[in-house]
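K.L.:
Letter by letter, the chains look like this.
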Amino acid sequence: MSLVFRQCLQRGAFNLDAEGRFPPGVNAIFGESGSGKSSLLRALAGLEAGRGQIQHLGRDLQSLPSHRRGLGLLTQRAALLPHLNVGENLKLAHRLGPAGLNPAQIEDLIKQLDLCALIERRPLQLSGGEQQRVALARCLIGGARLLLLDEPCSGLDHASHERFLKHLSACTHKLGLTVLLVTHHLWEAARTADHACLMQNGKLGAIQPINQLLCSADLATRRDAMACLQLPVLGFDHSDHILSLELGRQVLQVACGEPGEREQRVLIPAASVSLSPLPPQHSSALNRIETQFLSAYPSAPGELTAVLRTGDHALLARITARSLRQLNLASGDRLYAQIKATALH
Amino acid sequence: MSPADWQATALSLKLAALSTGLLVLIALPLAWWLSQSRRRWPRLIEALSLLPLILPPTVLGYYLLLAFHPQGFLGGLAFSFEGLVIGSMIYSLPFALLPLRQSFSAISRDLLEAAACLGASPLARFWHIGLPLARPGILAAISLCFAHTLGEFGVVLMLGGSIPGETRVLSIALYEHVEAMEYASAHLLAGILALSTWLLSLPLLRRPSV
Numbered sequence: 001m002s003l004v005f006r007q008c009l010q011r012g013a014f015n016l017d018a019e020g021r022f023p024p025g026v027n028a029i030f031g032e033s034g035s036g037k038s039s040l041l042r043a044l045a046g047l048e049a050g051r052g053q054i055q056h057l058g059r060d061l062q063s064l065p066s067h068r069r070g071l072g073l074l075t076q077r078a079a080l081l082p083h084l085n086v087g088e089n090l091k092l093a094h095r096l097g098p099a100g101l102n103p104a105q106i107e108d109l110i111k112q113l114d115l116c117a118l119i120e121r122r123p124l125q126l127s128g129g130e131q132q133r134v135a136l137a138r139c140l141i142g143g144a145r146l147l148l149l150d151e152p153c154s155g156l157d158h159a160s161h162e163r164f165l166k167h168l169s170a171c172t173h174k175l176g177l178t179v180l181l182v183t184h185h186l187w188e189a190a191r192t193a194d195h196a197c198l199m200q201n202g203k204l205g206a207i208q209p210i211n212q213l214l215c216s217a218d219l220a221t222r223r224d225a226m227a228c229l230q231l232p233v234l235g236f237d238h239s240d241h242i243l244s245l246e247l248g249r250q251v252l253q254v255a256c257g258e259p260g261e262r263e264q265r266v267l268i269p270a271a272s273v274s275l276s277p278l279p280p281q282h283s284s285a286l287n288r289i290e291t292q293f294l295s296a297y298p299s300a301p302g303e304l305t306a307v308l309r310t311g312d313h314a315l316l317a318r319i320t321a322r323s324l325r326q327l328n329l330a331s332g333d334r335l336y337a338q339i340k341a342t343a344l345h
Numbered sequence: 001m002s003p004a005d006w007q008a009t010a011l012s013l014k015l016a017a018l019s020t021g022l023l024v025l026i027a028l029p030l031a032w033w034l035s036q037s038r039r040r041w042p043r044l045i046e047a048l049s050l051l052p053l054i055l056p057p058t059v060l061g062y063y064l065l066l067a068f069h070p071q072g073f074l075g076g077l078a079f080s081f082e083g084l085v086i087g088s089m090i091y092s093l094p095f096a097l098l099p100l101r102q103s104f105s106a107i108s109r110d111l112l113e114a115a116a117c118l119g120a121s122p123l124a125r126f127w128h129i130g131l132p133l134a135r136p137g138i139l140a141a142i143s144l145c146f147a148h149t150l151g152e153f154g155v156v157l158m159l160g161g162s163i164p165g166e167t168r169v170l171s172i173a174l175y176e177h178v179e180a181m182e183y184a185s186a187h188l189l190a191g192i193l194a195l196s197t198w199l200l201s202l203p204l205l206r207r208p209s210v
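Chains as they are written, first to last, in the numbering used here: chain B, 1 to 345; chain F, 1 to 210.
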């Protein structure tokens, strides 16, 4: 484990008592507003006087002030220094940080985050998405190995949001970071996180692989429920722009503008999966995945989320209670999940 | 202008420059500390430092005279230029502290917290964020203190009297010209004071650049 902590904090009637053990990689923390996610990150950063202990890579952080903890905190406000341009902001962070990156790494980071064209600009001349990318670079350039992200993308449009997450994933893996990403968007976590946990009333739930938590009763019943799978790429059809992924012994086809790398993460919204007991014929949906029905959670009046298994992977399908009754499903039944290639992203 | 008036003008400028420079140097860290502290007792210190704003100058001058009296707390400084410098600094303290404190307090806490996480110590935060972002406040503090010291009368009169070359500053010289009914000279000195304080107020009209 890279980050191990226990933090207690009392603020009026609110009581934070969170214990966590997080591996390297992106870890998502889900929670309702007021569940204590931001307070937890602030306590870890030393901005709130949390009691307890914090160990990061074997180093004790609890006794250190914020500026010696060697971590990066990024909130929805990029907080770049307005009197310095982007390059100067980065230079200052490099000088202040615990172990600044070397020139080759800096060049790499600036390229990776697409900042070359922004170096001379002042923060006020940047869009929200650009500001957040600079702020991310600023956290990393000083050598922080632990990133605390508090809903960094709220307020960004969808394209900037996607772009930020893509950059975040790339940097995390390249620099071997440990990231805690506080979010309430399922797709944000599904896109980037390797592990996730829930936060409720100041307490942190057990950390689980991301798809396991997405398919649990806590999140599968949400309206935006989805599964996310990390699958090996089989090939890309350049004429049809269809990416083929290996799903156990089956193939999952994804409509996709560009060929992926060796592995691709794919998000499967529960609402775009339909179920059939027989192999569907003549359908426009490209994917007919053989699955096993495990259980169903009531998610809204007259609606359920069915949990399916195919090989080692879990999937979700949102169906009506009437469909469930008509199909007369029981745990262990074989079903075909029809998934439109265009619904996957 | 008579040589004595030239001397008074030069003395006034010297007094204003010295006391403004020293005062801003002291007020900068004090204002920063007041703006960053979340405790209560610094408020008490802030309230004390604003006292010269409401005390009548002659009352302040009187107490300073007692302190600077040969047997006083800071003995031997009465009726000396050094005494005037210290007196002016105390008298103008609120004029330096208020704009600086306000500029520092206006700096977003997000900026300072983000910088702290990036590794900026409290001193580095003051240097890299506090000072550059408070530039309009620093300019205001300098021009207010300078103008205020140029025109002060009550404290100087109580504390320094009118020793040529030592404590006879412009405002005292002006007063003495009026007493002696030398209205032409009085006009000239009053004009110099009015024009220079007006010029000093110009930096206050600058629009913030950030």
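Honestly, the hints are just simulated from the structure, not real lab data. Where a beta carbon is used, it is the ideal one built from N, C-alpha and C, also for glycine. One should not assume that every hint holds.
[Said to hold, decoys possible] Pairwise CB distance ranges (calculated):
#1 F:106 x B:10: 50 to 56 Å
#2 F:106 x B:272: 46 to 52 Å
#3 B:170 x F:29: 26 to 32 Å
#4 B:155 x F:106: 44 to 50 Å
#5 B:155 x F:29: 34 to 40 Å
[As the list claims (entries may be wrong)] Here chain F is said to cover these stretches of chain B; the calculated rule only asks that three of the stretch's residues, wherever they fall, bring their Cβ under 8 Å from a Cβ of chain F:
#6 93 to 103
#7 276 to 282
K.L.:
Hint by hint, say whether it matches the structure.
P.N.:
Evaluation of the provided hints:
no.: 1; hint: F:106 x B:10: 50 to 56 Å; in the structure: violated, 31 Å
no.: 2; hint: F:106 x B:272: 46 to 52 Å; in the structure: holds, 50 Å
no.: 3; hint: B:170 x F:29: 26 to 32 Å; in the structure: violated, 43 Å
no.: 4; hint: B:155 x F:106: 44 to 50 Å; in the structure: violated, 23 Å
no.: 5; hint: B:155 x F:29: 34 to 40 Å; in the structure: holds, 36 Å
no.: 6; hint: 93 to 103; in the structure: holds (count 4)
no.: 7; hint: 276 to 282; in the structure: violated (count 0)
In this structure, the earlier hints numbered 1, 3, 4, 7 are contradicted, and the remaining ones agree with it.
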